[in-house]
Each structure stands twice: as structure tokens, then as C-alpha cells.
Amino acid sequence: MNIELAQVSRWYGNVVAVNDVTMTIGPGVTGLLGPNGAGKSTLLHMMAGFLAPSGGTVTLDGVKIWRNHEIYRSIGLVPEREAAYGFLTGWQFVLSSARLHQLPHPEDAARKAIATVEMEAAGERRIETYSKGMRQRIKVAAALVHDPQVLLLDEPFNGMDPRQRMHLMDLVSDMGAAGKTILFSSHILEEVERVAQHIEVLVAGRHAASGDFREIRRRMTDRPHVFRVRSSDDRRLASALIADGSSSSVALTETGLEVQAVDFRRFTWLLPRVARDTNVRVWQISPADEDLESVFSYLINRSS
Amino acid sequence: MNAVIAGISYRALLGRRRIWLLVLLPVVLIALAVLLRIVSGGSELITVEFMQKFALGAILPLLGLIAGTGVIAPEIDDGTIVHLLAKPISRPVIAQTKFLVAASMLALFAAVPTFVAAYLLINLESGIAYGFALGALVGGLAYAALFMLLGILTRHAVTIGIAYALIWEGVVGNFVPGARRFSIQQWAQTIADQVSSSSFLSSELTLGFAVTALLVVTVGAVVWAGQRLRSFSLTGDE
Chain A
1 MNIELAQVSR WYGNVVAVND VTMTIGPGVT GLLGPNGAGK STLLHMMAGF LAPSGGTVTL
61 DGVKIWRNHE IYRSIGLVPE REAAYGFLTG WQFVLSSARL HQLPHPEDAA RKAIATVEME
121 AAGERRIETY SKGMRQRIKV AAALVHDPQV LLLDEPFNGM DPRQRMHLMD LVSDMGAAGK
181 TILFSSHILE EVERVAQHIE VLVAGRHAAS GDFREIRRRM TDRPHVFRVR SSDDRRLASA
241 LIADGSSSSV ALTETGLEVQ AVDFRRFTWL LPRVARDTNV RVWQISPADE DLESVFSYLI
301 NRSS
Chain B
1 MNAVIAGISY RALLGRRRIW LLVLLPVVLI ALAVLLRIVS GGSELITVEF MQKFALGAIL
61 PLLGLIAGTG VIAPEIDDGT IVHLLAKPIS RPVIAQTKFL VAASMLALFA AVPTFVAAYL
121 LINLESGIAY GFALGALVGG LAYAALFMLL GILTRHAVTI GIAYALIWEG VVGNFVPGAR
181 RFSIQQWAQT IADQVSSSSF LSSELTLGFA VTALLVVTVG AVVWAGQRLR SFSLTGDE
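Which chain is which? The protein sequence lines are A and B, in order.
Going by the UniProt record's numbering, the letters in the first sequence line up with residues 1 to 304, in that order.
Going by the UniProt record's numbering, the letters in the second sequence line up with residues 1 to 238, in that order.
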């Protein structure tokens, strides 16, 4: 099944959370990547029928999602908020989900869903005794109980330990391989590129990039980088660096050099060599703009 | 009506600390009735006054507030409501189920104790016990619907609910005769008056008005609640 977003915007008063986004989420695993506050949750809520678009349309195979409870026959949703009915056991929680879906054999479906997330052992315990990762898994089980064609997960890997994370990643990959339409949001590139065949990048409410992870990775590393370098002889190092084409500017500052590298790979290869050849001792090298925000803002500036 | 939702709602309501308020208020009502009986010795005037001012005027709206907001507001607050809403179940059915849960709690914790309190004060004399029990029941339905709707409309449902019950119905209603027409408490009292033959109990509103008003508020609030749930939005933390 396909989720189609056509010129979707969402604003709260004067604040634009999602700005004119058009994309189609098809079968397979799609990662919705973006820094915190980029509008990922807003977009995901619109796909899940929990928010009305202020403009544009959000449809599932051509059927409007907003104010249409029938879509939940096809959609499973794992919300970001941790809360689940703490007084229910995991088993009761998933079983209630199966019953609410009016499945013909709710017990069997619940058992299968709990086995899928490997929560059989804790099934008889109340959810309030669960760790964050266990809650996440039981919520996934509740969302999977009706074997939906579409699964939407909001920051699903948050709070999971590495083993649980791997397990859920495998599960998501398998479901994607089985032809289900899966979308999950994350602000961590490594997480997304491990699972998602396709990545949609959202920055400041705008659709900044789209493609497979190689494409996204290339666009994120293939950009001007700024490094701060401290060494035993900044001036000598500066002149040697600027002689090579991999840097576009080198500034001498009181705290050291500020180098604008245009060719990231060449620069990282070049710097130690230049230092050795000119007999300069490098004390410190640090990226000045390596945080995700600036990577994303580069993407958005380039796409606009 | 959906049995799974009703089951979860009962457990949520009974599992929280609110249950102690639901139990405590009727206990206070009955205890005071016993005390009053010992002191006053079964006076009809005192019984009617007590049932009007305390049972219908204070205990019923408080219980209505606890049960009405309690069936839905905490779930909206902590986000668990999504578990129910992300299902192929019509939202009005969810609202109706929640209302029935709140209404049944009020029948048990408001109407029954109201009958018991009146019975302890004056037995079945002049039909006072039956009258106030019925008044508490229908008033309870209206409060349950109204406060449930309030719990969906705003995060400040309890504050607004208390302001309505205590200030509008309690104070304004006592001084401004017109305000009494828009008071669940007065409608409930009108029903009680209709059943009871006591001459100490009188109401200014006609039965037709009270019944219509109760129906409009109860049905209207449940329908509105269902429509609001259809547009339920997650705004997230962004």
C-alpha cells in the first residue's frame, strides 16, 4: 500500500511545522530522518490520522486518512510516547488490541504478536514494571496484532538496549522485505541507514532530500567542512594546507587555524601528511560544524 | 458500546486513586445522614434541606466530576487514548462507551448512596428517598456526559467543572433566579420533587423543562464528545 502526501503543510498559529511536503511512501522500509523539531512527528501523525493537514492531502491508496477510522484495519501505529495502560499485563494489552480489531481469533493473534517481539517471558507482568525497551516492544506487538499492511513507528529505537534495537531492526527489515509499507522516524543517520532502503530527510518542516542511504550519506559528507586545528606552528601549516586544492580558505585565529575543507576525504588524508612533511606537530583537530543540525541545514540550504 | 473499551475504562478508573474519592464521598454522605438522624430525629424539613443542599448540591456534582473526567481525561493526558483511537472503531462508539462507564459508576456511587442516606434519615416517608435517588441518577447522567465532554475539550476540565458546579450552580444559582434554569442540580431537584410528595420540596422549573434540558445536555454532550474524538489530534512535543 502507498501513503501519498501531496503538498502537505501543517501550521500551528504562526508556526509552520511542516511546509509543502510531497512524497509517496511505498512498500519496503522508509526512514524519516531529521533533527529534533524538524516536524517528523507532525508528519507521522498526519499519516496516522492523528492530525489534520492544514493544507494538501494525505491518503492511503487514494483514501483520505483524516477522520477515517477504517484505515486502522490497514495501519498499525507505534506512538513515541511511552505510556501504555500500566495496570494491564503485556498479554492483556496485546489481547485487548486484538479484540478491538475484532479479529476472529484474538488469543492466537496476540500470542503470535508477542512471540514476534520476544516478550513471552514478560507477558504476565504488568506493563508498569517494564523497562522502556520492553514497553516499546509490547507497543510494537499491539500494533502488529492485526498484521497490518502499513506500520508507522515514531522514534521506535529510543530507549532500547543494543540487543533489543538489533532485534527490532531485523523485525522491521523482515516486514519490509515481505512487502509491507513501513515508515519509521529517527534523528540518527546510522540507525536509519541500517534498516531503511529509502530515506526521506525532513529539515525545519521541509522535505530536504530523498533517496537511498548511499545517496543521503554522500550528500551529507560531500559538503564544505570547517575544522579547527591547533598545532606547534599554525602559520607554516596554514601555508602548506592552502597550497593544496582541498581547502578553500585557511584562517589564522587566536585559538588556532580555521580551515574550510571542500574535499572532505582528500583533506582528512592530506592534513597528517602535510604536518609530517613540514615538521609541524598537530595538537588538536576538531570539526567545527559536525553536529547533525549543521549537516541538515546544509542540505536544506542546498535544496532551496 | 464496546466491551473491551468498557473493561479497560473500569480498570483504569478503579485502579487509580480516584476510586477512594468515589468511595469516600458517599461514605461521608451516609455518615452525615446517620449523624443528622441521631441529632434531629427524622425531621422531614431537615431531610429535604440536607438532601437538596448536600446530596444533590455538593456530593453529586463532585462525583460527576470525578467519574466524568476520570473515564477519559487521564488517558488523553498520558497519551494512552491512542491505543483505543487507532482502531477500526467509530469514535462516537468510544465516547458512548466511556459515558456508559461513567454513568454506571454514578448510579452505584451517587444514586444508591443518595437513596440510602435519605432512607436512613426518614425511611420511605413522602417518597423522599425515591425522589432524590431518581434525581441523583438522572442528574448523574447529565454530569457524567457534561464532564466527560469537558475532559475531551480541555486539560483544565476539573477546574472548570468545579467552577461550574460550585460557583454557577451553588452561588449564582442561589441569588440569580434565571441561572437556575441552566443548572443540572435544579433539574435533578425538579425530578426529585416530581416523585416525592413532600411539601417541603418545591421547584420553580416545570417537569417538561427539566426533562428536556436533561435530555438535551446528556445526549448533546455525548454526541459532541464523539465528534470531538473524531478530530482528536496528537500535537507532539515539537
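These aren't lab readings, by the way, just hints derived from the structure by calculation.
Quick caveat, the model's predicted, so the values are computed rather than measured.
You may find that some hints are simply not true.
Here are some, though not all, of the chain A residues that point toward chain B, as calculated from beta-carbon distances under 7 Å [said to hold, decoys possible]:
1) Ser54
2) Tyr72
3) Arg73
4) Tyr85
5) Phe87
6) Trp91
7) Arg265
8) Arg266
Built from N, CA and C at the ideal position, the CB exists for glycine as well.
Evaluation of the provided hints:
| no. | hint | in the structure |
| --- | --- | --- |
| 1 | Ser54 | 11 Å, violated |
| 2 | Tyr72 | 5 Å, holds |
| 3 | Arg73 | 5 Å, holds |
| 4 | Tyr85 | 6 Å, holds |
| 5 | Phe87 | 5 Å, holds |
| 6 | Trp91 | 14 Å, violated |
| 7 | Arg265 | 35 Å, violated |
| 8 | Arg266 | 38 Å, violated |
The structure fails hints 1, 6, 7 and 8 (numbered hints given earlier, in ascending order).
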